[in-house]
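Could you slot chain E onto chain S? The hints should help.
Sequence lines, in order, name chains S and E. Numbered per numbering that gives the first Met the number 0, the first sequence spans residues 0 to 359. Numbered per numbering that gives the first Met the number 0, the second sequence spans residues 0 to 338.
Since the hints were made in silico from the structure, they are not lab data. Positions of the beta carbon are idealized from the N, C-alpha and C atoms, including for glycine. Please note that a few of the clues may not be correct.
[Claimed, not checked] When the alpha-carbon atoms are kept at most 20 Å apart in a straight line, the in silico SDA-like pairs for lysine to any residue are as follows:
(1) S:Lys283 to E:Phe129
(2) S:Lys217 to E:Pro132
(3) E:Lys130 to S:Ala334
[What the hints assert, rightly or not] Rough simulated footprint, nothing fancy, chain E against chain S, three-plus residues with beta-carbon under 8 Å:
(4) 130-144
(5) 152-163
(6) 312-321
One letter stands for each residue in the lines below.
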Amino acid sequence: MSEERAAVAAEQPAVPSALARRRAPLAALARWELLLLLIIVILTWAGTQISKYFLTGANFANLTSAVMEVAIMALPSTLIIIAAEIDLSVESMLGLSSAVLGFLWAAGVPLQLDIGIVLVVGALGGLLNGLLVARAGLPSLVVTLGTLALFRGLAQVILGTNAISSFPAWFTTFGFDSIPGTPVPWTLVVFAVLAAAFWYVTHATWVGRQIFAVGKNKDAARYSGVDVATLKTALFVVSGIIAALAGVILTARFSSARADNGTGLTLTVVTIVLLGGVDINGGKGTIPGVILAVFTIAALQNAMRLAGVSSEYQAVAIGLLLIVSVTAPYFARQARLVSDRVRGGRHPPATAVDPGEVIP
Amino acid sequence: MTATRARPGGGSRPAALLGALARSRELTLVAVMLVLSAFVTLRAPNFLAPDNLDQVTTLAAIFAIAAVGEALVVLTRNVDLSVESTMGLIAFIVGDVLRQQHLPVAEVWLLGLALALVLGMANGAIITLFKVPSIVVTLGTLSIYRGIVFVVANGSQVSLSDLPAGYSNPATETLAGIPYFVIVAAVIVTVFALALRYTHFGRQLYAVGSDPEAASIIGVRNGWVVFAAFSLCGLLAGVAGILWGIEFGTIYATSASGVVLQIVAAVVVGGVAIAGGSGTVVGAAIGALFLGLINNALLLLLLPQELLQAIYGAVILLAVSTDAVVRLRNRRVAQAAAR
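Only chain E is shown next, with the shape it has when bound in the complex:
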C-alpha cells in the first residue's frame, strides 16, 4: 500500500495523502463491517443476540492473536505458513499434558508457550541462518509440526471430560459484558501496536520490510529482526492454540488444519502489504474480525458453508488487487507532485 508507516512525519503533501490512504484501510474495513452487520441483522435479527456476538468475537479473538503474529512476519517481507500447525500442536500438547499429569494449568500453559516460542525460533533460525525463502521453509515445517501432533496424538483425541473441571468456561465468560478472549486479544493487539510504533524493534521491523539493504546500511541487523519476528509469531500462535483448546474442549490431531488461509487472509485484508514494510497489527486484527463476521453471516443467512473457502480466496485476491491499485495511484500522485 504505502511506505509512509515506515517513515512517519514525512511532511510533504503526497506523504500526508499516503498516510490518509493507509489509515483508510482500517476505517474502510470498519465501515464494510457495519454495513454487513446491518444487512445480516435485517435478515436474521438474532445476529445481535449477546450470545451470538460473544461467540463471533471470541472466535475472531483467537484468529486476531494469530494474525498479529503473522503480521509481524509479513511486515519483514516474509510469510509463516506453519502457524496453523503450531496452533494445533500447542492446543493438543497442552490438552494431552493436562489429561495425563496433575499439574497446575498455568504451568502447562507456560510450557505450551515455551514450546511455541521454540517452534517459531526454529523457523526463524533456518530462514535467517541459511538465507532461504520463508515460504519454502514454513511449507516444510507446516507438515513437520503437524506430523509431531500425529506422533503425540497416536490416534487419540483430547475430550473435554479428560480436562480439569471447568476448563472451557473462560471461553464463555465475560468481564463487564466483554468476553475474556476479546480482552486477551485487545491487550495483545495494543501491546504490539504500541511496540511497533514506539520501540526501536518496531521501527526496525518496518525498516527491514521497506528496504532491507538500506536497513542494514543504517545498522539494523536484519537477520535478528526477522528471527525475532518469527519467534514472536510462533509465541502468538501458541497463545492462539491454547485459546483454541479452551474454546473447543475437544482437540484432535487435525485441529486448526487449514486455518492458515484465514490468518493470512486476515493480515492481507487488514492492509498489511505482502511486499513488507507497511501495515498495522490493528488492521490485521480487524481483518480477523471481518472474516469471522463473514463466517457468522453465512451461518445465520443459512448459506452453504462450502462458500467460506471460496470467499476467503476471493477476499485475499481482492485485498492484494486493491493494494496494487492504491500503489499505482500513489505513484501517479507522487509524479504529479514532482512536476
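Bound conformation, chain S alone:
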C-alpha cells in the first residue's frame, strides 16, 4: 500500500509540487494578514505609550470614523485593482458628491432626496469611467486621471469656494456620533455592512471568481464566457456610487459641504488596497486583508495625530507606506528565492519526493 503510493508519487513528481504551488499564495496571504495584525498590535501598543487616551472608547470612535470614507472607497477599489484596472477619480467624485449635496440642500431640496440624487450622480460618473475604460478600451489610468480633474472641476463650478453647513441634526449625528452606549460610530456600521457584502461577493460568488479571472487573464476570461466589458463597467459604477456615499458621509462628519472635500484621498485609498495585500498587477487580493489594512491605517494616523504629527507629515507616512507595500512582494519573492536556494543546497538531488520514502 505504502509502496504503491510511493511508486505513484515517483511517477508523478509534478503533482506534489503543483499542489504546493497552489497552496503557496494562500499561505503567503495568511502570512501577510498575520503581519498586518501584528502591525496593528504594535501600533496599539505604541498608541498607549503615546497617550493614555488611545485605548479609550471615545478614541476608538475617533480613530475609526476618521477613515470611514477611505475605508468604504477601498472596497470597490480593491475589486477594480483585482480586475487589473485602477480608479484615481474617487476623491473627486467624493468632492462632487459633497458639492451637489450642499447645493441641493441650500436650494431647499429635502435631504433624503439630495442623498438619492447624489448617489445617482455617483453612478453616472462611474458609468462614464466604465464606458470609456471597458467599452472604448482606453487605459483606466488616463481616463480616471481625466475624471479626477473633471469631477473636481464640476464640483468647483457648482459650489465655487462656498461652504454649505446648517445640515439637520440627524444628519450630522450620523456623521460623527456613535450608537448610544457604545463606542461604535454609525459610519462604522455602514462600513461593516458594505465590507460583509463585498467579502461575500468577492470570495463566495461567481461574480467574484469572474473578477479574479479577468484580472489574471482578460482574454482567457473572455473566451471562457465572462462578459469582461459589462463586469468592468459595473465595477466602476459601484465605485462611483460608493465614492458618492463617502461624500455624503464626509459632509455629515464635517457638517460642511465644500467643493474641495476629500482632496488627496486617492493616495490613502490606493495605499489601503495595496497594504491589504492586493496585487497591483491584478488577479490577487482579499477583502479581509483590505479590512485589516483599513484598521492599520486608522491606528497609524491616530497614533501620529496623538503624537502631534501634522497632517502633511501624515501624508508623507502614507506615501512611504504605499511604496513599501508595493515593493514588499518583490522582497518576499527574493526571500523565497534565497530560502529555496538554501533548501536546494541541503538536498542536492532536487527531486520532488523525498528519496527516503521512495526506496523502502
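Below, chain E without anything else, positioned relative to chain S:
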C-alpha cells in the same frame, strides 16, 4: 495613435497614412489654437497686446518644459505623477538657499538641478529595480516629495524681497521680442526632439514603449531606458521649478500643487499616446501652449476660473478618446490594405 514614429520609413502606404495622421495632431492643435486666438481677439482685443502674449507664452514655457520630461516617461509606457512635487520642492529649496546663503545664483540653480535629477533617479530606481508600476510609485513620491517641501519650509514662505535684487526680472525680459523663458523652452524642446529622432537613446525610448519584449530581444536594456527617462523627467521638472520660482518670486510650500493634471493633459493632448511608443515632445510642448491659451481665454473672457479644472479633465478624456478612434480607423485601413 500610431506606432509609425517607432519605425520611420515603413514604406508601405498604410504606414505613410499613419504618419500623416500622427503629424496631423500637432497641426490640428495649431489650427485649433489659431481659431481660439481669433475668437478671443474678437471678444477681447487686449489678447494680442504684447504684455498678454508674453505672459501667456512665459507661463506656457514652464509647463512645456515639464511636459517634455513627462512625455519622455509616457513614451516608455509609464507616467510620473510626482513632477509637480519636484517642481515645488526645487522652486522652494532654490529660493530658501538663496535667502539664507550668499551664494552665486548659478551655483544654487545647479544645486537645484542636481537635486531634481536625484529625485527623478529615485523614482526610476524604485520602478525598475522592484518592477512595480510607475503610477503607484509616483503617487507615493508625489506626497513624499511634497512632504519634504513642508519640512524645509517649516511654515515659512520665500518672498521676492528675500531673494537677490532683480531675481524675477528674467520672467519679463525679452530677447528680440521673444520672452527669455520661451527661448529656454524652445532650446530644450529642440534638443529633445532631435535627440529622440536621431540618437540611439531616442530610438530605444520608442522601442521600449512600442513593444518592451521585442525591444529586449533586440538588445535594448529596458530598465536602463526607463530609468533614464525618469531621471530626465526629474531634471526637467527641476528646470521648470526654478523658472516657476523666478516667475512668481513668492514661493509657498504648496507651490505648483495640482499642476500634474495640466502637465499630463498637455502631454496627452499633444498626441503622446499613454500606451507608449508614439508621440513627440514638440506635440507635448504645443499641448502645454494650448492649455495656457485656454487658461488665458477664460481670464480675458471673464469666465469663471473654476471651469479650468473641468476643462482640463474634459480635454484629457477628449484627447484619449480621439486616440482610440484614430487607432480603430488605422486598424480598419490596415485590414483593408491587407485584403
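Quick rundown of the hints versus the structure:
1. S:Lys283 to E:Phe129: 18 Å, holds
2. S:Lys217 to E:Pro132: With Cα atoms ~19 Å apart, S:Lys217 and E:Pro132 stay inside 20 Å; holds.
3. E:Lys130 to S:Ala334: 16 Å, holds
4. 130-144: It holds, with 9 qualifying residues against the three required.
5. 152-163: Since three or more residues must qualify, the claim that chain E covers the segment 152-163 of chain S holds, with 5 doing so at under 8 Å.
6. 312-321: holds (count 7)
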